[in-house]
Amino acid sequence: MNQFPRVLISAPTALAKKYCFEEWLDNVMQLSYPNFNVVLFDNTNDGGKFTEYMNEYHKNNYNSEKFYAVKSLKINNFFSSSIIEKMCLSHNDCRKYMLHNNYDYLLHLETDVFPEKDVIEKLMFHKKKVVGAIYYRDEGLYRKPMIQKFIEPLPNHIKSINLEPNEDTCFIDGTLKKVSHVGLGCVLIENKVLKKIPFRFEKNIEMHPDTFFAEDCLRNAIPIYADTSLICRHENEDWGIYGINFK
Amino acid sequence: MSNKSYLDELLETLKPQQELKQLLKDKAEEINKILSADNTMNPIDRINYKIEIVKTNQELSALEKVLKEKEDYFKKYAIQFEKDLKEANQNYKQVIQKATVKAKSDQNIKLLLDKVNLQAIETSKELKVAFYKRFKNLV
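If you read the sequences in order, they're chains A and B.
Letter 182 of the first sequence, counting from 1, is numbered 181 in numbering that gives the first Met the number 0, and no numbers are missing.
Letter 71 of the second sequence, counting from 1, is numbered 70 in numbering that gives the first Met the number 0, and no numbers are missing.
Think of the hints as simulated: they come from the structure by calculation, not from any bench.
The C-beta atom is built at its ideal place from N, Cα and C for all residues, glycine as well.
Among the hints, erroneous ones may be present.
Said to hold, decoys possible - Partial selection, computed: residues in chain B whose CB lies under 8 angstroms from chain A:
id : residue
1  : L9
2  : L10
3  : Q16
4  : Y48
5  : A61
6  : L62
7  : A102
8  : Q106
9  : E125
Chain B extracted, bound-state conformation (with noise of 0.2 angstroms):
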């Protein structure tokens, strides 16, 4: 089990875009240093250095929108999550018992143990989380 905490594997999956944030960043600098180096430069090379800066901002705008939105929700999120596995890791056998039980006598409890995979969803914590508050709802 690794111990970072669940934020930080969230976080994590933001890299690809933060190392593109920073690419962009880059060329938008690099395509500058050039414009202002080269005063010989032909026009229209110029002008579409210059269109390559637009379109470089506009990327970059784009990108920072949708880090903006992933970081936001996941520090929500994995406040939750970590109080439902807190909770999970707890109770998730007494309550898997239950709905064993239960589903005896009850068609949708039956139903859904027959549909999960029990084995497969102690290996992901997220699926035990959803599972966990699933059964919990219904026993």
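Chain A on its own, in the form it takes in the complex (with noise of 0.2 angstroms):
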């Protein structure tokens, strides 16, 4: 019996970000950590042919047990016009699977992240119940970690704001830092959280489940830590518009 605590990673993913699909799933094939299975939720409207090119790709590859792409909306039977309610549905997809199967830990992370190798070992060192490695978001001169920090903890809100762009000179010191908000591109959640906390969105609000995510674990005094020694690539596209470029 393997005594290493059983990892699930798992997100979201679509078409809009097949262009790196075979070199995220190269990078993750090739963790070193000794218990970890990959699943991941295509929300793509397209019948299947995502999810089949995927699972048709590892299995030429790898062939091996650890990794299967299911069919969000199939799973769910069900169809949203929003891409916040969409993003939400399979990041609790994500949830149920990890809690379903009693993995001990979900390592959420977005398909177009590339941690290094020993990125479980380290974040799991750790022992916190919520914790991230660093990657940038945004394009050209707007790129930025993706970290908030704290202003001031209210009652029922995180006042806090996004790092800008040079701020990371000095926030990025290779330390274990507590911030506000670490995203879901690569964030390692203990069990106990996510049975606590689902993933939400609210209709009408411009906010994502993850920034939710990050007010409701505030809201439970489960702090959110960043490893600033883990640095990810990003390989963020800009995805156009909903609806028309992507459905």
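With the hints as a guide, bring both chains together as one complex.
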């Protein structure tokens, strides 16, 4: 029996991320942690073609028990015109799968984020309930770390702001830091946390499930940490317009 | 207008980090010099200096990773951006004209046009490219 805690690597994905899927899977399959599985929840509205493509790529190149892609919308028999709602649904697919199959941790790893080989061991070493690696977001001169720092914790809300593009110079110093928000790009979350906190969104509020998750952690007195020694490559591209460039 | 390439502009934003990298290297080197020059140093002071080297190297390692991530990303991003900017400069007015006409019958375009300040967009090439791509997809 494997003595290492069981880790599920999971995230929503879609055809819009096909450009880096093969490289992403190659990177994930060479992670050094000895006890993990990978399940991706595809929310592309294409009748399952992208899901098939991902499973086929894995079969042809690895054929292991470690990976499979699932059609997220099919599972939930649901269609939404809101990308936030769709994302939230798929985040919860990851959560439900993790809880149902009794994994100890979820490594929520977005499908354009490339962590270091030993990312799981390093994050787990901290023994924190929610701990993430650093990745950069936005484009060109606006590129900045996906980190929000506390300004002031209020009773029902986090008053926090994004790090500015050059604020990382002194912030990223290789230590573990308490932050208000580390995103869902590469974050290790303990089973107990997800039992208590589902991913959610609210209609008519332009706030993504990752931000709600950070707020809910705060409300439940669960601190969020960022390991500033772990820097992931983020192959983000402009997705275009929801409903036009992708559905 | 600056003659610098967009990549140069992007790489320039890394200067504070490159400067810090050099300072951290200098710091580690100076501490090593102190350690090897003074054989009579109190053992606790010697240990503290060595701890400082470990911490400096940890900081340096994180900084080097950040610099690599950003440099690699900037190089890739700048190539696409220069292509998009060239196209935007050639076709921007035409696309905006089309969008203005189409806005009469298309609520999405109308909403977007109402929200953006077209004059402000002209002052920033990043904004110009972003909105050009958005409108191009819509018209």
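Quick rundown of the hints versus the structure:
no.	hint	result
1	L9	6 angstroms, holds
2	L10	11 angstroms, violated
3	Q16	5 angstroms, holds
4	Y48	19 angstroms, violated
5	A61	4 angstroms, holds
6	L62	7 angstroms, holds
7	A102	15 angstroms, violated
8	Q106	13 angstroms, violated
9	E125	5 angstroms, holds
Checked against the numbered hints listed earlier, the structure breaks hints 2, 4, 7 and 8; every other hint is satisfied.
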